[in-house]
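Engineer: As given, the protein sequences belong to chains A, B, C and D, one line each in that order. In terms of UniProt numbering, the first sequence has 273 at position 273, counting the first letter as 1, and numbering is strictly consecutive. In terms of UniProt numbering, the second sequence has 202 at position 202, counting the first letter as 1, and numbering is strictly consecutive. In terms of UniProt numbering, the third sequence has 71 at position 71, counting the first letter as 1, and numbering is strictly consecutive. In terms of UniProt numbering, the fourth sequence has 155 at position 155, counting the first letter as 1, and numbering is strictly consecutive.
Honestly, the hints are just simulated from the structure, not real lab data. Wrong hints could be hidden among the right ones.
The list cannot tell twin chains apart, which means a pair is met if one copy fits it or any two copies do.
What the hints assert, rightly or not - In silico SDA-like links for lysine to any residue, alpha-carbon gap of 20 Å or less:
| # | residue 1 | residue 2 |
| --- | --- | --- |
| 1 | K34 | S117 |
| 2 | K252 | S117 |
| 3 | K213 | H143 |
| 4 | K5 | K252 |
| 5 | K213 | H95 |
| 6 | K213 | L142 |
Bear in mind the structure is a predicted one, so any value in this text is a computation, not a measurement.
4 protein chains.
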Amino acid sequence: MGSFKGHALPGSFFLIVGLWWAGKFSFWYATRRKKSAGHLTSRAAQRRLEVIEGATILSFSVIGMLAEQFVADGPRLHLYDYSGHHWDRLMNWQHATMYLFFGLAGGISLTVHATGSAPLALDRLLLSVAFFTEGFLFLYHLHGRAMLDVHVHQLLLYSIFGGALTAFLEVFHRGNVLLELLRASLCLLQGTWFWQIGFVLYPPSGFAEWDLKDHSNMMFITMCYCWHFAVSLLMVTVVYCTVCWVVQSRLKRTPPMEMGLLKTTEKEQESEDEI
Amino acid sequence: MGSFKGHALPGSFFLIVGLWWAGKFSFWYATRRKKSAGHLTSRAAQRRLEVIEGATILSFSVIGMLAEQFVADGPRLHLYDYSGHHWDRLMNWQHATMYLFFGLAGGISLTVHATGSAPLALDRLLLSVAFFTEGFLFLYHLHGRAMLDVHVHQLLLYSIFGGALTAFLEVFHRGNVLLELLRASLCLLQGTWFWQIGFVLYPPSGFAEWDLKDHSNMMFITMCYCWHFAVSLLMVTVVYCTVCWVVQSRLKRTPPMEMGLLKTTEKEQESEDEI
Amino acid sequence: MGSFKGHALPGSFFLIVGLWWAGKFSFWYATRRKKSAGHLTSRAAQRRLEVIEGATILSFSVIGMLAEQFVADGPRLHLYDYSGHHWDRLMNWQHATMYLFFGLAGGISLTVHATGSAPLALDRLLLSVAFFTEGFLFLYHLHGRAMLDVHVHQLLLYSIFGGALTAFLEVFHRGNVLLELLRASLCLLQGTWFWQIGFVLYPPSGFAEWDLKDHSNMMFITMCYCWHFAVSLLMVTVVYCTVCWVVQSRLKRTPPMEMGLLKTTEKEQESEDEI
Amino acid sequence: MGSFKGHALPGSFFLIVGLWWAGKFSFWYATRRKKSAGHLTSRAAQRRLEVIEGATILSFSVIGMLAEQFVADGPRLHLYDYSGHHWDRLMNWQHATMYLFFGLAGGISLTVHATGSAPLALDRLLLSVAFFTEGFLFLYHLHGRAMLDVHVHQLLLYSIFGGALTAFLEVFHRGNVLLELLRASLCLLQGTWFWQIGFVLYPPSGFAEWDLKDHSNMMFITMCYCWHFAVSLLMVTVVYCTVCWVVQSRLKRTPPMEMGLLKTTEKEQESEDEI
């Protein structure tokens, strides 16, 4: 995966997920706040959405794992090259392992929301585990590379472990919109930073090569990381404002009515699920 | 203890404890959730179980300490070799110290649940202390070993300190099933990883030797650790599902009845214990 | 910004902010505690104050950014010197980046308190992010400097990251006066320490030069940092006592009356905002 | 203070404080639990005790500071030796700084409990700050010493920072007896470890010298630290059991009576203080 495309692909993936989370949590927060907007979403619809999200993450992870194994130069499930006495394409195996944990998180989220046979917070716990494992593998991934190469990946770790920590805090503070949006923006940051890494380490033709040993490059890239974070915060803000404005304008057109009974039954169901 | 058996033994121990915890906490969660399943377990039965668990851990720890001291090449309570002017078999003493803290945790858990004369959360605090001490001793255990040897033990530290942190969080969030199952899976991870260390450092006859200085071995072993974690999560999931299914099927056969009075008195007792 | 003035300026800024926070939070705490003092401040007045504070921070940050760019030797928005093939005045860009995040925090705080369209705790989250980013940039700022230079900046990091952590805790424990005053004193500490750095690294004429490689200087400076902390704690205490005394003496003169209705409506508004 | 006595003195101090805390918090917990024991202690008596404790800590700290300055070879408030161009007796100044923060904590605790004009948790916050500062000064205290010397002081840091963390957690979980007893045992650990350091680095006549560069000494000392911790846990347990037994036996002799009214007024006062 040491290529521009190999970084652009996960980058795009995390970008889309980040935007999706920003939209989803903004929408839920907006409808929760305005009690009159309750009819725009229902507990059952939320649950259905979570199931779809889990299924999507699961299927992308499975596709990712298969792709890592069976692309042109993939290991095709061979782990050890007995003729050469060395491990076979560890990189691909490592990436497949990362996908595996995101797949687990997706699968469990799907199960939890579809069957309700486990505590809801399990989805956040496994998301936290998936992020942590991703960061953990990157952490021991960097041996013997050039200074700038190591540095850009270390910066990436901030957003990954930040995401893991945020998801873990959500186990205890579920439904805290600030944590949810912070997670969304850290995910966006990860996405844009993967693109940046691609441009720095494998500049596409037309772009200048970077000197991987120049210290001032390192200083610039650190600052650049902060700009990416500022941009990702801005993107989440824009999404949040748009969603709030849409919910507001929908409210004016459709007056709320006869939701009383429905809501109580849903409330009951919810509290039953949680404990 | 620098042998295959010396790693397989604690590995098996942690494996069994991890499975036991996964089963116990799943069962309690399942019966707590379905109010109608309340008759499958009672507060008094839970307490009796905790007492037995504490006693078991205590006795195994005492046996472990005695074994470390009085095996063929043990120090037999001699700490310093005055003739040779050096410490006598520090390894055995270190392992005995680890057992000591688990023994403390077991003994205190036994006392707390048997007499109720101390806050319940004390058992988790001392479990946390026991895990922390184990990790602490391993941390300063690694000086001057080969690279891969150090690395596999460092990886072990993640699961040990993870267990310590989880148990510490349980002091404040007692009864949170997610933390309990996370602790069970970290304990399982520790168990399987001890076996892995045995295979890597002291391969039994028939298995290939590992090159302890090869960097790609280190990369593989890091990834392998993640697989162990995935497997331990899977094992906990399987146990959880089995327990839920058993509780469910038992419920269908035995209808709940006349538990009202019993439960209230138990509830009172419980709240009295806690504060 | 490697000059005495370049350290005295932010130092003064943080000093003023620290004193302001100490006064503001002491006043709110004093009026909250004495229910009879409720008429000295109202929820609407508090909100107006927060809006003004946000606007002030925002405008200072914008001025700071412009100053960094357009001072005599500023980069004037040029990032890369194509003729010399190197990055152009990275220092100024880094400082501008720090201002950017404080500007973001100020702007968001202004919006949250003016419109109430986002959860209140967002102001603390972004303040935490701003402090974190400041510390983050300083952390990767120190490569290749003299020992004492690195050390005084590392000490600065304690107060910066301490402030970030405190603000983050406030997201979950909003209105905890201890955290608020701790943040104020860490901010004061940062302010006085910036002045100290100025005196150590760029002694104004009349002051002795410091030997940047002497180890006993390092020992002294560490202790000196603790003294600064003690002084900042003392300053917060003095402010707190003064404010409490003033509120007390005002209470004696103006008897409380007919606040009942007003307060309930404000209370409602508040709880509506928060969830 | 580089002498046996210089370590035995603070060691004894922390030992006494640790035992005192273990006793105090055990007693309060025992009387809180048995509602019928309420007459053995009253809120006002607790407050008086806290005031006395604060005053004692304050006066010992002042004595400590004066002693550090005016003993035979103290700096007598001279900080810089202008003739020799070097800092004057930094060690004494550092120890005086540590006393300063404990003095601050004692003084503030005294004020808070005597006047009630600040939130109660302030005493824990400043205790946490005092422990943190002590650890912070030790951390930068170790440059250029022998390996074992550095190691024994690093081990000390675990108990110091552990105490700081525990006290900080108590800001949010005030009255949690487990945290209080954990703090007591970490304080005891610090006390016994100071004695141990004295014996290792400055063995009194009759004791063997330690080889400060021998690695097996380091391994032993790490394990020895765990034993100290086990002993301190045991001491706290013994104190706790004794106190519980005494309270119990007192209860049998003096029947509880007419406490109803008194307790409600105290309860009110308490809740008023806290918020």
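Engineer: How would you classify K252 and S117 at a CA-CA limit of 20 Å: within, between, both, or neither?
Structural biologist: For K252 and S117, the Cα distance is within 20 Å only across copies (17 Å; inside one copy 38 Å).
Engineer: How do K34 and S117 come out at 20 Å by Cα distance, when the copy is not named: within, between, both, or neither?
Structural biologist: between (30 Å within a copy, 11 Å between copies)
Engineer: Classify it for me, K213 with H143: is the Cα-Cα distance of at most 20 Å met within a copy, between copies, both or neither?
Structural biologist: Both: 16 Å inside a chain and 14 Å across chains, each within 20 Å.
Engineer: Pop the pair K213 and L142 into one bin, within, between, both or neither, using alpha-carbon distances up to 20 Å.
Structural biologist: Answer is both; intra-copy 15 Å and inter-copy 17 Å each pass.
Engineer: Taking 20 Å as the upper bound on the Cα-Cα distance, should K213 and H95 be classified as within, between, both, or neither?
Structural biologist: neither (27 Å within a copy, 24 Å between copies)
Engineer: Have a look at K5 and K252 and pick one of within, between, both or neither, based on CA distance no larger than 20 Å.
Structural biologist: neither (46 Å within a copy, 55 Å between copies)
Comparing the model with each numbered hint stated earlier shows that hints 4 and 5 do not hold.
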